[in-house]
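Peer 1: Two chains, each in its own frame: build the complex with the hints.
Protein chains in written order, with my numbering: chain C, 46 to 830; chain B, 2 to 162.
To be clear, the hints were calculated from the coordinates, so they are not data collected in a lab. These numbers were taken from a predicted model, which means no experiment stands behind them. Each hint can be trusted.
Computed Cβ-Cβ distance ranges for the label pairs, DEER-style:
(1) B:Thr43 <-> C:Gly201: 46 to 56 Å
(2) B:Arg70 <-> C:Glu569: 34 to 44 Å
(3) B:Thr43 <-> C:Gly83: 28 to 38 Å
(4) C:Arg492 <-> B:Asp80: 54 to 64 Å
(5) C:Phe185 <-> B:Asp68: 49 to 59 Å
(6) C:Arg98 <-> B:Glu18: 30 to 40 Å
Here a beta-carbon is modelled for each residue, glycine too, at the ideal position from N, C-alpha and C.
The lines below spell out each chain.
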Amino acid sequence: MAVEAPEVQGVGHRVKRKEDDRFIRGKGTYVDDVKLPGMLHMAILRSPLAHARIKKIDTSRAEALPGVVAVVTGELLAQHNLAWMPTLSGDTQAVLATDKVRFQGQEVAAVVAEDPYVARDALELIEVEYEPLPPVTDPFKAMEPGAPVIRDDKEGQTDNHIFHWETGDREAVERAFAEADRVVELSTHYPRSHPSPLETCGIVADVNPATGKATLWMTSQAPHAHRTVFALVAGLPEHKIRIISPDIGGGFGNKVPVYPGYVVATAASLLLGRPVKWIEDRTENLISTGYARDFHMTGRLAVKDGKMTALHVKVVGDHGAFYADAQPTKFRVGLFHIVTGSYDIPAAFVEADGYYTNKAPGGVAYRCSFRVTEASYLIERLVQTAAYELGVDPAEFRLRNFVRPEQFPYRSATGWVYDSGDYPRAMNLALEKLGYEELRKEQARRRQEGGKLLGIGLASFTEVVGAGHSKEFDILGIKMFDSAELRVHPTGKAVLKLGVQTQGQGHETTFAQIVAEELGIPPEDVEVQHGDTDHTPYGLGTYASRSTPTGGAATAVVARKLRDKARRIAAHLLEVAPEDVAFERGRFFVRGAPDRAKTIQEVAFAAYTNPPDGEEPGLEGVHYYDPPNMTFPFGTYAVVVEVDPETGEWKPLRVVAVDDCGVRINPMIVEGQIMGGLTEGFGIAAMELITFDEQGNCIGSNFMDYLLPTSWETPRFELHETVTPSPHHPLGAKGVGESATVGSPAAYVNAVIDALWHLGVRTIDMPLTSARVWEAIQRARAGAS
Amino acid sequence: MQITVTVNGVQRTADVEPRLLLVHLIREVFGLTGTHIGCDTTSCGACTVLLDGVPVKSCTIFGVQADGRSITTVEGLGDGQLHPIQEGFKEEHGLQCGFCTPGMMLTALALLERNPNPSEEEVRWALSGNICRCTGYQNIVKAVQWAGRKLAEVRAGQGGR
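Excised from the complex, chain B in its bound form (with noise of 0.2 Å):
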């Protein structure tokens, strides 16, 4: 089947069996491999990507069901320099293996889109989808948090001028 996919801004094309499977689409047809598999069953949210803004697990939708929308992955967050959400992973010592990561940024973005000040539990609810087995997820939560106080000083900064 012939699908085009908005991809981090830009459309893309590409010819594909119905039954490939959307994280197979981003890692293997556009090369992609910033979005990671690691569970198969929707459980762990490691293949995290953001479906027209909204946190989908790709490892369980077709790449077929992503025709016509536009997809975000790891590699479309910031533009140049880092995200806000990605300085907080590093500034907060949000990540060990990195494997999570990825996932864990995109779900806490759009997180951040409709809650800019999250309290902990929120982070907390709002992650539970994502399974992390390295950092005992304290330092993602702050992570998140930095992200959020970020981002409101770029609006701040942006409103400003």
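Just chain C, same shape as in the assembly (with noise of 0.2 Å):
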């Protein structure tokens, strides 16, 4: 009789998660909860000014504090060539700033101390000499004949420019104007913010001064990639460095980018002999760290019979005082060039100019793969823009424009090959699940009767995520494959070893459930790890949704692999050929035989102790996977607020969210991402803002002032799916963790804009504030008197 073999808890369970369990507990182990036999403390003293030249900097007196160990500046750096390091984008950063401040909270000093508070104590005593300057914190004055040149370090830097980029046909698109019934156009400003993880950023630094090793504790969601930079940038041997990231506390895009205070600290602890732990505090985190977006976008439409026929978009990226955009070293904004979204433009042209402002660098991807957020955000607004323009229903415009389904693998107009898509069916599925129609006849109520008014928004995205393939992708040279080890032992329990970098996506549920797919291993019995260099295969890291999309395909890839292993391993003890020999949920078995079987768990066992002959003993393998396209996960919004017209005030009702990112690998973390995806994007949408005034001074400096959203404000959420394999992973699967930050922004806003647009407001900046709403709601009264 054949046996049944039990369930293995692989593809598309509801597993809980195993990292849970000392996270509960309160076992995590966090960077700061690092603490080493003689460990020192630094602190770092920041520039209270935006722009000002360094005439002198007096560290006496900090020194003499009793338990100060050693002041760093720049112009000691600079001895050992480290006072400036490269950015991810190309261009340099000061570590310490050595000739001029250029931002308000740039690293001017530090102080490494045996206790944190006497290294905070002396930041007090170090005194610095500025000679002001004038900041330029707008980026269309910083591109004005005259304006003060913030890059003066850089050799034939003579004013704030930083690069020109452009894609599509410009000829084309020109044609298509030329011949539009109808031309839309909308300029907005996607306003700085900042990624904000609970956990700040830091690091624990030891350079062992008899091996020569430095092992570096840090929250970085690239290890790997990290590693190889600081070997360029200090030059230290890459094999003498290891960096662990243990369990991070968060990172959404925030721990992507070295920063001045890893390097320091890493100085610090090679000069000093001793570890050295720099741990940020929110502020610094606020003012200094890879902030996000900043980006203001122009972007035109023509109609014409009410298809869109071009897009013609133009950037001007602020970019702070060091271009540190962390992206594909090819492209100047990201993959921004997908702005053309879910729809069948056919022509479309993008132009961005970047420039320097006196203000943070950073430019990193805020839980979004690379300036797709921004991309998304303006084609939605503009799409329901022509839809009012047009006089027609914004659902009805979007269905008259979708890309088809018949059309996949769909080639955009600036060149992107969608891999698999079903925007209507998703979008029905939201309208459906939303009650559109009634909604659509209690705004129309509403309206007539006064009061509090109703708005309904849409956002149907498409983003692209997964870099990628080595083609077009790398980091600084550096390809964006990723990899996967996998270990199975000799009694069937299995170590999983990843090139990508957990900051709470749960990889270690959800690629342990790959391997029990593949492999039929459970889930618990395998053991995922990953964040320590001298441990795991080479791989870029987590962010751009890239971990399933290359890290999960590379672990499918050796889990099969090992299988094919473990079939020859199987027909040998049952004596049969391996292409009789069948798999299934951890049973191999002879083909019309079923109950001569052996299980993974004794194919592992003779692996190590019974191999057949000729064939290389052990169950382990490594697989670096280079994928052949991006994925292309999808999805439709679909935001209730209501609207008070006279305070400007505002809430969502309810939030439709329907997901389409391929097969689903552990459904309750994917609805967990998209859950903490639509909060951050209703925190970017209503609140979260760093802005600066005249004289460069941040606001949005701490959680008082950069507003996050909290469980109060925090709407429910009703998760719908359908699902669309991607053609080209091995398991189907898309991508998750940033398709809701990407994609609701737009939906928030479009639905207060869609309650307004009667009053004759057009148009909102983020975050819509009560008073923004309230004062586009006054100027839209005034102008129509």
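Peer 2: As structure tokens, this is what we get:
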């Protein structure tokens, strides 16, 4: 009798997370929890001014304070060629300022002391003499002739222009505009925000003077890439650098760059021969580490016979004092050219210019795949605007213009090849769940009756994630593949080592499920390791929703390689030919005789105790996966808001989210990712803002000013799904971590504008504070009267 | 200054600077690193502990203010096995990176002490001083309600014996 193999919790199961067991006990190990014998503490002195020449730095009083071990300045670093470092976009960035300070909060000096409180005390004793220079905090002022030149350290730099980048077919776009029967234009600023993971950035640097080995516990989303950067920047031999990313308290892009604090702490440990810990406080995190967005965008749509025929986009990017965007080398505004979104627009042209300003550098993708958020926001706002101007329902206008299911694989006007999609299905499901028609009637009724207004906003986003294929994607020349190493032990338990790096995404569970799916080893028997460069294969890290598309694919492929070998071993044990052995749920059995079987555990034991002649013993392997293409998750978010036209206050009443991220490996974790992203999207739309006054003082430098959504304001979410597998991913999965941050801000804003369009309100820039909404209503009323 | 604090039921003494923050007393002096620091301004709640049963944000209280008082941290939850609030967070996927989780659980526990069966709105209001960047709160609300039900079952079981 055939024995039914037990269910293995593979793909599609809502497996409870393995990593939770330590977190709910308070037994996670975050960087600040690392404590080494003899460890010193570092604090950083930061510039109070946005733009000033440094005349003199006097550290003598700080050095004299008992407990202070050293004060590090840029001058000292310069002696070791470390005063400047390369950025991820090929620019240079000051580690500690030597000539000028270029933004408020810039790193000027560092104190290393026996005690963290003493290190802070000593900062007060460092005397810096500044000669103030006029700050430039607006890219449009930065581009004016005669504007103060921020980057006078760069040879040949005579203005604040960083780059011009363009893509698409300008002539085709111009022709389409000439033939259009309607042109729709929208200018908007996607404001500067900050990813603000709850854990700030930090490092414990331990350079062992005896061995020369640098062990760096770092808040890093990309430990292997950071190791290579350290080797290149500091000239340390790469095998003498070990980066450990232990538990990471959220990243959202903020922990992709290499920050000056990491470099200074490492240099201090090297010079002093003792471990050095540096942990940012929240203000340091907000004013100096990777900000996001800050794009001024103007989009123009050509429409003919109700169809969009061309899109022209101009971008002015505000990049701060150093061009430090975290993005693939080839692209200057990330993957912004996904800006045609879910629509079959035959012609598109994007031109972008980047400028230096006296603001913090960064340009990280806040839970987004390299500027896809800005692109998605622009097209979804434009589409809604076009629908209103044409007098067509925004849902109907989307349906008329979507890329149709039969067009996949679809080549966009800017050159992307979308892998798969069914946009009408996702949007129609959202409308059905929302009760769209009824809501439109209620909206009309409320407009008649007066009082609070109803608004319905849609966003039918398409993302491009999972960088990437190595033909197009690299960071600092390193191709954007990723890896997995799988070792099955003799007793059938396994260790999976990854090149990607979790910051809360649940890799320890999801990736174990992939092994379970492919090899039949239950997830609880698969230990997933990551975040230690000495003990995991090389990878580019976790951001841009790339872990499942790259590392997940690598895991599936390496598990399949081991399965092939296991099949040969099983055949040997069963005394049949390998092609006569079938596999299902962890059992290898003889075709036609299913009770003649060996379990994966028995086969694993044989791999070490009784391998066939000519077969290499053991059961382990490694695979580096270079994806053939990106993946293109999509969906429709539908938001219903209530707006008080007298006060400008608004709140979401309903949020319906239909996500299609292909095959879901752990649906529970996928839903958790979507809800987290919907919340961050709501924060961006409603309250999150890093801004500056004319002197370059950062407004939004703590959580009392930089507002994040709490449980009280955050709406409830109604989640639904469609499943359109990726045709090229081994599991059909696409990546989901960022869909909701990318897609949802436009849905919230579209809903508020939808409520107010009849009053004459055309657009409001995020964040949609009550004050901004109220002002827009007042302006519209004044204009109408 | 010499202080005596009962930490998770164990009396401990320490000689500390008056300016030492409670969170540093807990993390650095007592070595309990489950209490985290997220913002330094009483805004995020990652550092929440119970002080005489009341949730406080330990980043803006001095250690000396805990002298003669009792503190519960995440390490003090459960008695050899998981506390229902810990189980609830795992069951309902109420955590992702885990950084806010200890503070969330302690705030939630204080809520359940005074309101064993809170509505969604009551949970949301009670937790509004604790920020989570990963989960979007919905599952945290479910986790707290799950724990409320479990605690009620436990109490009913005890009462029945």
